[in-house]
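Colleague: Fit chains P, B and X to the supplied structure of chain Y, relying on the hints for placement.
Chains Y, P, B and X supply the protein sequences, listed in that same order. With the working numbering, the residue at position 108 of the first sequence is 200, and numbering never jumps. With the working numbering, the residue at position 64 of the second sequence is 156, and numbering never jumps. With the working numbering, the residue at position 77 of the third sequence is 169, and numbering never jumps. With the working numbering, the residue at position 106 of the fourth sequence is 198, and numbering never jumps.
Hints listed in this document are in silico derivations from the structure and should not be mistaken for laboratory results. Quantities reported herein were computed from a predicted structural model and do not represent experimental measurements. All the given hints hold, so there is nothing to weed out.
Pairs involving identical chains hold if they fit within one copy or between any two copies, as the list cannot separate such chains.
Dumping the calculated DSS-like pairs for lysine-lysine here, alpha-carbon to alpha-carbon at most 25 Å:
no., residue 1, residue 2
1, K235, K116
2, K163, K383
3, K163, K235
4, K383, K367
Number of protein chains: 4
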Amino acid sequence: MGLTIGVDIGGTKIAAGVVDESGKILETHTVPTPPTAEGIVEAISAAVTGAGKGHQIEAVGIGAAGYVDDKRATVLFAPNIHWRHEPLKDKIEQRVGLPVVVENDANAAAWGEYRFGAGQGHEDVICITLGTGLGGGIIIGNKLRRGRFGVAAEFGHIRVVPDGLLCGCGSQGCWEQYASGRALVRYARQRALATPENAEVLLALGDGTAEGIEGKHVSAAAREGDPVAVDSFRELARWAGAGLADLASLFDPSAFIIGGGVSDEGDLVLDPIRKSFRRWLIGAQWRPHAKVVAAQLGGKAGLVGAADLARQG
Amino acid sequence: MGLTIGVDIGGTKIAAGVVDESGKILETHTVPTPPTAEGIVEAISAAVTGAGKGHQIEAVGIGAAGYVDDKRATVLFAPNIHWRHEPLKDKIEQRVGLPVVVENDANAAAWGEYRFGAGQGHEDVICITLGTGLGGGIIIGNKLRRGRFGVAAEFGHIRVVPDGLLCGCGSQGCWEQYASGRALVRYARQRALATPENAEVLLALGDGTAEGIEGKHVSAAAREGDPVAVDSFRELARWAGAGLADLASLFDPSAFIIGGGVSDEGDLVLDPIRKSFRRWLIGAQWRPHAKVVAAQLGGKAGLVGAADLARQG
Amino acid sequence: MGLTIGVDIGGTKIAAGVVDESGKILETHTVPTPPTAEGIVEAISAAVTGAGKGHQIEAVGIGAAGYVDDKRATVLFAPNIHWRHEPLKDKIEQRVGLPVVVENDANAAAWGEYRFGAGQGHEDVICITLGTGLGGGIIIGNKLRRGRFGVAAEFGHIRVVPDGLLCGCGSQGCWEQYASGRALVRYARQRALATPENAEVLLALGDGTAEGIEGKHVSAAAREGDPVAVDSFRELARWAGAGLADLASLFDPSAFIIGGGVSDEGDLVLDPIRKSFRRWLIGAQWRPHAKVVAAQLGGKAGLVGAADLARQG
Amino acid sequence: MGLTIGVDIGGTKIAAGVVDESGKILETHTVPTPPTAEGIVEAISAAVTGAGKGHQIEAVGIGAAGYVDDKRATVLFAPNIHWRHEPLKDKIEQRVGLPVVVENDANAAAWGEYRFGAGQGHEDVICITLGTGLGGGIIIGNKLRRGRFGVAAEFGHIRVVPDGLLCGCGSQGCWEQYASGRALVRYARQRALATPENAEVLLALGDGTAEGIEGKHVSAAAREGDPVAVDSFRELARWAGAGLADLASLFDPSAFIIGGGVSDEGDLVLDPIRKSFRRWLIGAQWRPHAKVVAAQLGGKAGLVGAADLARQG
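One chain only, chain Y, in its complex shape:
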């Protein structure tokens, strides 16, 4: 089989990329993300058509945030777009005249890493995306595992603190409230407010107030040894590692692949996560330990993974 197209739906633009069997992106076509749900359907079609021009395309894979049904056809619920039981596969197929597969975007990214990135060579691997929130995907026995109804791998919403922080999902204490880019910023702001004398570098990078601290400031300040920034990463790692230990108890994978914007910091964030994982791993002395490694494809993982899942049919 030859070329397929993968689609990534971002908050500001929609990207469609032509991908070959080796995971290489031959060409990308992007369009702005429209404000309406129906507009996005048209924009996806336009991006696919634009990217595919001049190529022999065999199928299209779309990565979408939210719940996708087990037929990989319908978006049951999307958090940021008003899609409720949206028949996305049918709509796009009618418009572009190609077979379409819809996939949860974090699943698609996990598959991308498994096939062409940090997951190569592993049969059982868990991918965690530490972005604004926390998502991921499950590979067991060399297959993406989507659950019976298509909505597995919602890592961000396991409850790590009973009666804990409110989550956008309506529940409380979800993991992504404690281990994500948003959590990192909250840690930094709380600490900078409590002890500004330990956050001088950090505060100087923003507008001087705790509220003005953003994620990039925390990273930059941590690299300079700012105590509050370093401690904020440590707190993030405490929760991330403890959650990985739970996932090791459940899935026992050979590796955890950590992607998303937070992982761009590399060992600044991965080393404390590894330590925390080790600290909380049950029966650590009696079992082989999963590796905790950085993702390799960056922001391209979802597009490449979606294209490859379309190829697999």
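Modeller: Coordinates of chains P, B and X only, in the frame set by chain Y:
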């Protein structure tokens, strides 16, 4: 393929059963459980030999508590027997002259239910054993999933309360400290001590003291409407259901099968667990819900499952 | 000594009342609450002057939300009015020509109940105000205890859940996030969303949606036995009672007086709080138990208490 | 008034000391602690008689672990001695012919520090004893506050983790399970087991195993910079400081005095506690902060305090 033998290692006796392809136990042979690790090896062999007499046996499956390696040969660690990196497969094969498969006992029970019990017809199912502790097994895509290193499905040791109750595993806040037979008894004792006037039936069943309350008393008293006993089951269900909701976020199975002694109480315990599961399920209105059903094989699930896993090779 | 004036600063109106030595309000004068901090100072003065007309007034007591310093003169911080180190005593004294005492409003209400309400006859009593948030006051040895710096008795902000819900104070897990009118509504909304079939009465009282549920709906529905409403009160009581048990460990008062809007429901809310308090009280069998009683003065407690504190000088 | 005797009841010996009005111990008489409850009564009497020989003694104060009633006469419940509603005052008065006051031992120590140690000059001060467990005493308005029924200031048993660690009191999540000498050792053992490579100094001080680690080893290793030991103190401080912040919200004292064996480490433990306290203090920028200071009387505080309380009558 014809007959295989399954072995169940209990605290007081070791049972070996001859099982046919339909999961029927044709004959069982039991021996007392010896006190030493090496004695247990001999006792398993004796039970297998005794059960197999007069039958054409093709293989033996042994369900053992603890970590079993990915080759299903070595017990890495057992909680109640002093086995540390114990080559159980080799030792038993030498003694009984048959191919042997070693499996975690909760995995074996899960497989038994999947093949011949409540899990029939499901491709993706999670089995939870609520006994003294909490164990279980994972079936995804019609296969038992053991993880890369053989130690997956340690459900009882995911952390549900940070800095929570000490667990026998050395960690804190493990699920089995909140959802298990032992937890049920603790709930009942605490409540009976605090409000004995609400535990009259319950206290009368034991020796009259909170410390004298045992699991069977809680069940019997709950059936009579004893407020403390009913509330203890509700507390157990609160934690069990919340944990199932987490597992639904991760695995999205079509069903949860609840086995173990606690499940013998049927809907007395299952109904509150279902309610609690429903209460905590993330995105409940946008997704199909897994069923929560009672196990069907009772205490035979492990033996039958181990025998069947041996047959599968 | 004769008459004093107490002032209550509400969100919509400011009330000044002339109070005699027996705690009786002889006359009340109210003015609308202006939007600005300085406007409120003028409005307080106007209300005091209006109320005092024709009376021989000896002093004025003002109940203000927030931190009041140990000299009872300066509002260090107010949550809803932009007062930061506001010299309220001086400003009002200049305007009304009478001695002024500034007091935290929950402290004033506690004193009102102690002197003329449910606290009469007790030497050591803790008052808890379950309103939108949770406040209170401490009477030990027949004196209001304000702490060394004036900011004691901030009951609502003790941490009952590590890493718990965000609070308006900037911290997490504060008691008032779990035991207050606002918490009650949150409980009801969460439960109505998860299990609408158990909230039929409750949903019918609002606009039919979970978001439309308000506090008065929960009370009304609970009186009709609506399962979700009843369970929401039980959850509130679980947290309220557990917190009272902590306060009993610390203060060992002879009584807890429960005031605020939530307490208007009387035994509907007090009985479950009593049960929960009893459930969590440490060493319950070895100690006399504090009573948990309803406040008696309703919304007048703060005004009457402030007036009486001014009389005490 | 002249000389009084204070009594300290330890696990191995009972000490009676003659104390003058300045808090100076003129003479001490000790006897071994007998195994039976009645034997301890006799031993106390013997110690008092022995110490008093040749002195003009006016009264005796006894510090006893457990609940003491509001008349300071009866031990309602003692955790380590089988005293249940024990009329200790009467029994000792009959034997020694002097007026006797019974006081909770942590209250007595708090009073000792207030009168002659780190609490001098403060009107409102909270003393915390970080020993094997966690106890303390409350001074408000220059008086020891015992509560209505005599059992106030049970700091160690406020609930800081819902559903947390089991406590000897029968409840769960008590502060002393997280902030005490026993907790410190648990932290060190858990960490040394998980990451022995970070505990080389610590493990070398004991018998080489995690279980062999004792409190003195943690202190010694922390002084040498052993990572696990330092981290264990940090964890202790995290919980101690957060609890102090709660107490500041409630009592708003001018100082916290930290005593008990853990405080012998001085700034090694006090500095992290101060940081943690500052981190968690509500409204920190709008209020004066209580000081966190070390106790000054060491193990003598209880005896001296009991003697002084007897003098006060």
